[in-house]
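Protein chains in written order, with this note's numbering: chain P, 1 to 196; chain E, 1 to 219.
Be aware that a few hints might be false.
[Unchecked claim] One-sided and incomplete, this derived list gives chain P residues near chain E with beta-carbon spacing under 10 Å:
| no. | residue |
| --- | --- |
| 1 | Leu-33 |
| 2 | Arg-38 |
| 3 | Met-39 |
| 4 | Pro-108 |
| 5 | Ala-159 |
| 6 | Leu-161 |
[Unchecked claim] Covered by chain P, per the in silico footprint, the following chain E stretches (three or more residues, Cβ under 8 Å):
| no. | segment |
| --- | --- |
| 7 | 93–103 |
| 8 | 199–211 |
[To be verified] Now the in silico label distances, taken between C-beta atoms and shown as ranges:
| no. | chain 1 | residue 1 | chain 2 | residue 2 | range |
| --- | --- | --- | --- | --- | --- |
| 9 | P | Gln-71 | E | Ala-76 | 39 to 45 Å |
| 10 | P | Ala-147 | E | Ile-86 | 51 to 57 Å |
| 11 | E | Ala-164 | P | Ala-115 | 20 to 26 Å |
| 12 | P | Ala-115 | E | Ser-89 | 52 to 58 Å |
| 13 | P | Gln-130 | E | Ala-207 | 43 to 49 Å |
| 14 | E | Leu-116 | P | Arg-38 | 26 to 32 Å |
| 15 | E | Ala-207 | P | Ala-63 | 58 to 64 Å |
| 16 | E | Ile-86 | P | Cys-62 | 54 to 60 Å |
| 17 | P | Arg-111 | E | Arg-33 | 25 to 31 Å |
| 18 | E | Trp-211 | P | Pro-162 | 48 to 54 Å |
| 19 | E | Ala-104 | P | Thr-48 | 46 to 52 Å |
Worth flagging that the hints you see were computed from the coordinates, not collected in a lab.
As the structure is a prediction and not an experimental result, all values here were calculated from the model.
Even glycine gets a Cβ: it sits at the ideal position worked out from N, Cα and C.
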Amino acid sequence: MTTDALDPVIHAPARLQIVATLAALPQGDALRLTRLQRMLHVTPGHLTRDLRELEDAGYLACASTGDGGAQTAVALTRQGRDMLDRYAAMLRNALAVPATQYRTAPAPEIRVGDADREATAAALSEHFAQGRLTLDELNARLEVVLAATTHGALSEATADLPEVTMISARVSFSRGKRRPGHLPGRQRHPQRGRSS
Amino acid sequence: MNDTSDDAATAGGGFDPHEAARLLGQADREARRSFSLHPPLSLAAGAAVTLVAYGVLWLSTRDQHPYTGPSLGVIALVYAVVAVSIAVSAKVYQRATAGVSGPATTQRKVEGAAILVSWLGSPIIQGALQHYGASNAIVYGVIPAAAPLIIVGSTVVAVGAGKADWPQFGAALAVVIAGMVAAFAGPSGAWAVAGIGLFIGVAGYAAATAWQQRAASRI
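Next comes chain P alone, as it looks inside the complex (with noise of 0.2 Å):
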């Protein structure tokens, strides 16, 4: 099994760990850093360096709380809580369902559920990120696999590609958020170079 597909932000302990809480809390509400450290058992030093990670990577948003601002707080960022649904779903994937798996491919006749097709969108996503596919390709594609009814149809989408070895990944694509041109992996701010 490789973690190349896994986000590298997020597919480190700390951070895992730091997401995975932060995750917890309704969307938009943030925790205390104090908070946070008690609850991870981390030191300070630690704590910042991953929180500054992931708030490059635009999965985190820090604002200052409390009397005069003196204390801080994060919260998960809509872009964090994707990521980690996604990075979830890849490795709830990756563990269950062994590659070969699929390497006998069903009757082209045989209908498709959404299982089907989103691990077909992941594969495409990951070809994607190995440039085997522009990005124009990657959206005609992916229109076309969600559309897919049959495994034929799925198939078409992919049958010019390499098997990749996270071909069981499943990708979410609910609450309506199609977004091909955002793929896992790490994305900074342009502007906000990082030196560690």
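Could you slot chain E onto chain P? The hints should help.
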């Protein structure tokens, strides 16, 4: 939870997906438990205490002919139980929301205020009925047993519907229905029906919350 912030681990090098799944599941569960305003165990304990309190009220009034209402000792006991429940709930709330801020927190405070205000409905009706000479069976039996369930329960039904919190909605609806049944169960029977209804509603909510917390786990 272990301190996993060492440099090598934080860098993600060699971070096995199995370990990542375990860590994600653990962090998710612990965070949900930590932020939960209604811990299932606390709810279940509250349901049991409520059943006992209403049971005592029923036992103290079931042989009264004519009905005079619960004795002062029983009322004091029930008030003590209510005070302890409020204190425990406040502590749980304080612990869950410490350091948390944002729109959902503000909304919860508004909902709490609405529920608190709706609690006033029952004693006001009770006072009005007493003022106009209603019998003890109504003033000290049916109304204090059934009215809080109907009034407060309806408020919680509305809050649950507003948040699409269907376990809360269902539990509160069960309590409202129990209150309606209690209103026709006689002055003493009203306490028994109200107690059983509250127990079912709160215990059901505890079970649903526990199931939801487990089902909502990311891994």
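Comparing the hints with the structure gives:
no.: 1; hint: Leu-33; in the structure: holds, 8 Å
no.: 2; hint: Arg-38; in the structure: holds, 9 Å
no.: 3; hint: Met-39; in the structure: holds, 6 Å
no.: 4; hint: Pro-108; in the structure: violated, 32 Å
no.: 5; hint: Ala-159; in the structure: violated, 29 Å
no.: 6; hint: Leu-161; in the structure: violated, 23 Å
no.: 7; hint: 93–103; in the structure: holds (count 6)
no.: 8; hint: 199–211; in the structure: violated (count 0)
no.: 9; hint: P:Gln-71 <-> E:Ala-76: 39 to 45 Å; in the structure: holds, 43 Å
no.: 10; hint: P:Ala-147 <-> E:Ile-86: 51 to 57 Å; in the structure: holds, 56 Å
no.: 11; hint: E:Ala-164 <-> P:Ala-115: 20 to 26 Å; in the structure: holds, 25 Å
no.: 12; hint: P:Ala-115 <-> E:Ser-89: 52 to 58 Å; in the structure: violated, 41 Å
no.: 13; hint: P:Gln-130 <-> E:Ala-207: 43 to 49 Å; in the structure: holds, 47 Å
no.: 14; hint: E:Leu-116 <-> P:Arg-38: 26 to 32 Å; in the structure: holds, 30 Å
no.: 15; hint: E:Ala-207 <-> P:Ala-63: 58 to 64 Å; in the structure: violated, 37 Å
no.: 16; hint: E:Ile-86 <-> P:Cys-62: 54 to 60 Å; in the structure: violated, 36 Å
no.: 17; hint: P:Arg-111 <-> E:Arg-33: 25 to 31 Å; in the structure: violated, 40 Å
no.: 18; hint: E:Trp-211 <-> P:Pro-162: 48 to 54 Å; in the structure: violated, 43 Å
no.: 19; hint: E:Ala-104 <-> P:Thr-48: 46 to 52 Å; in the structure: violated, 26 Å
In summary, the structure is inconsistent with hints 4, 5, 6, 8, 12, 15, 16, 17, 18, 19 from the numbered list given earlier, while agreeing with the others.
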